[in-house]
Amino acid sequence: DTAVSQTPKYLVTQMGNDKSIKCEQNLGHDTMYWYKQDSKKFLKIMFSYNNKELIINETVPNRFSPKSPDKAHLNLHINSLELGDSAVYFCASTTGAYGYTFGSGTRLTVV
Amino acid sequence: AQSVTQLGSHVSVSEGALVLLRCNYSSSVPPYLFWYVQYPNQGLQLLLKYTSAATLVKGINGFEAEFKKSETSFHLTKPSAHMSDAAEYFCAVSVAARGSQGNLIFGKGTKLSVKP
Chain A
5 DTAVSQTPKY LVTQMGNDKS IKCEQNLGHD TMYWYKQDSK KFLKIMFSYN
55 NKELIINETV PNRFSPKSPD KAHLNLHINS LELGDSAVYF CASTTGAYGY
105 TFGSGTRLTV V
Chain B
73 AQSVTQLGSH VSVSEGALVL LRCNYSSSVP PYLFWYVQYP NQGLQLLLKY
123 TSAATLVKGI NGFEAEFKKS ETSFHLTKPS AHMSDAAEYF CAVSVAARGS
173 QGNLIFGKGT KLSVKP
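Chain order of the listed sequences is A and B.
Counting in the working numbering, the first sequence runs from 5 upward without gaps.
Counting in the working numbering, the second sequence runs from 73 upward without gaps.
Just chain A, same shape as in the assembly (with noise of 0.2 Å):
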């Protein structure tokens, strides 16, 4: 079974269009997040929520709107992509400091 698994793993779209990736973690974790890869490698946290509650907004474009509909899921919806959006987005899960679990990414590319 995968502990946390997002779909889809590839995204291509057009600018303007708008998306949504979605995650599912079957661990039982309170705590899950989105995270945001560049085209440097470079990994950024985007949104954190405990059990459905947001908790951080990483000045993130209010384009960019998560949704937790119950604990063991949280999704990411992107209104008007931009070409700037490219990235691959990591969904992650934890209890807590003993471990952070994370989805293998959607890669999403913007034309």
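In case anyone wonders, no lab produced these hints; they're calculated from the structure.
Some hints here could point you the wrong way.
To be verified - DSBU-like mimics (lysine-lysine), calculated; alpha carbons at most 30 Å apart, straight line:
id, chain 1, residue 1, chain 2, residue 2
1, A, Lys-71, A, Lys-45
2, A, Lys-48, B, Lys-183
3, B, Lys-140, A, Lys-48
4, A, Lys-48, A, Lys-26
5, A, Lys-48, B, Lys-130
6, A, Lys-40, A, Lys-23
7, A, Lys-71, B, Lys-180
8, B, Lys-180, A, Lys-44
9, B, Lys-130, A, Lys-26
10, A, Lys-40, A, Lys-13
11, B, Lys-130, B, Lys-183
12, A, Lys-45, A, Lys-13
13, A, Lys-13, B, Lys-140
14, B, Lys-140, A, Lys-75
15, A, Lys-45, B, Lys-180
16, A, Lys-23, A, Lys-48
17, A, Lys-56, A, Lys-23
18, A, Lys-13, A, Lys-71
19, B, Lys-183, A, Lys-45
On a predicted model such as this, the values are computed, not experimentally measured, just so you know.
Starting from the known structure of chain A, fit chain B onto it as the hints suggest.
Same frame as chain A, now just chain B:
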């Protein structure tokens, strides 16, 4: 604010040679520290973590790291490099956050190349 700095964006070693990837942290409280590895076109895999127990931490694939508070360092080592170790390596620190279990802040990564 907590942060990590990885010295050297690219390290190249010969197969069988010692691997040393450097990481220094900045933290006002005792930190939790991690090393992750990312193989090409794959996700992040935990190599090892320091959570205030033993200062010498052993991880997977023969890697280990030593927490040195006096030097604020958490360098990653492996005695003998293997071709399969070629990957991107990330040092990270867990930052306490109100209402959550903490956020993981990453260094900029070090790409390890292994020459035959």
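Quick rundown of the hints versus the structure:
1. A:Lys-71 <-> A:Lys-45: Between Lys-71 (chain A) and Lys-45 (chain A) the Cα gap is close to 25 Å, so the pair holds against 30 Å.
2. A:Lys-48 <-> B:Lys-183: Holds: Lys-48 (chain A) and Lys-183 (chain B) sit about 18 Å apart, inside 30 Å.
3. B:Lys-140 <-> A:Lys-48: Given pair Lys-140 (chain B), Lys-48 (chain A) holds - Cα atoms ~26 Å apart, limit 30 Å.
4. A:Lys-48 <-> A:Lys-26: Roughly 18 Å separates the two Cα atoms, so the pair holds.
5. A:Lys-48 <-> B:Lys-130: Status holds; Cα separation ~26 Å.
6. A:Lys-40 <-> A:Lys-23: holds (15 Å)
7. A:Lys-71 <-> B:Lys-180: Within the cut-off at roughly 28 Å; holds.
8. B:Lys-180 <-> A:Lys-44: Holds, because 8 Å separates the two Cα atoms, which is no more than 30 Å.
9. B:Lys-130 <-> A:Lys-26: It is violated: about 34 Å lies between the C-alpha atoms, which goes past 30 Å.
10. A:Lys-40 <-> A:Lys-13: Between Lys-40 (chain A) and Lys-13 (chain A) the Cα gap is close to 14 Å, so the pair holds against 30 Å.
11. B:Lys-130 <-> B:Lys-183: holds (21 Å)
12. A:Lys-45 <-> A:Lys-13: Holds, at roughly 17 Å.
13. A:Lys-13 <-> B:Lys-140: violated (39 Å)
14. B:Lys-140 <-> A:Lys-75: Measuring from Cα to Cα gives roughly 36 Å; hence the hint is violated.
15. A:Lys-45 <-> B:Lys-180: It holds: about 7 Å lies between the C-alpha atoms, which stays within 30 Å.
16. A:Lys-23 <-> A:Lys-48: holds (20 Å)
17. A:Lys-56 <-> A:Lys-23: Holds - the C-alpha atoms of Lys-23 (chain A) and Lys-56 (chain A) are around 21 Å apart, at most 30 Å.
18. A:Lys-13 <-> A:Lys-71: Status holds; Cα separation ~19 Å.
19. B:Lys-183 <-> A:Lys-45: Given that 30 Å is the threshold and the Cα spacing comes to 10 Å, the pair holds.
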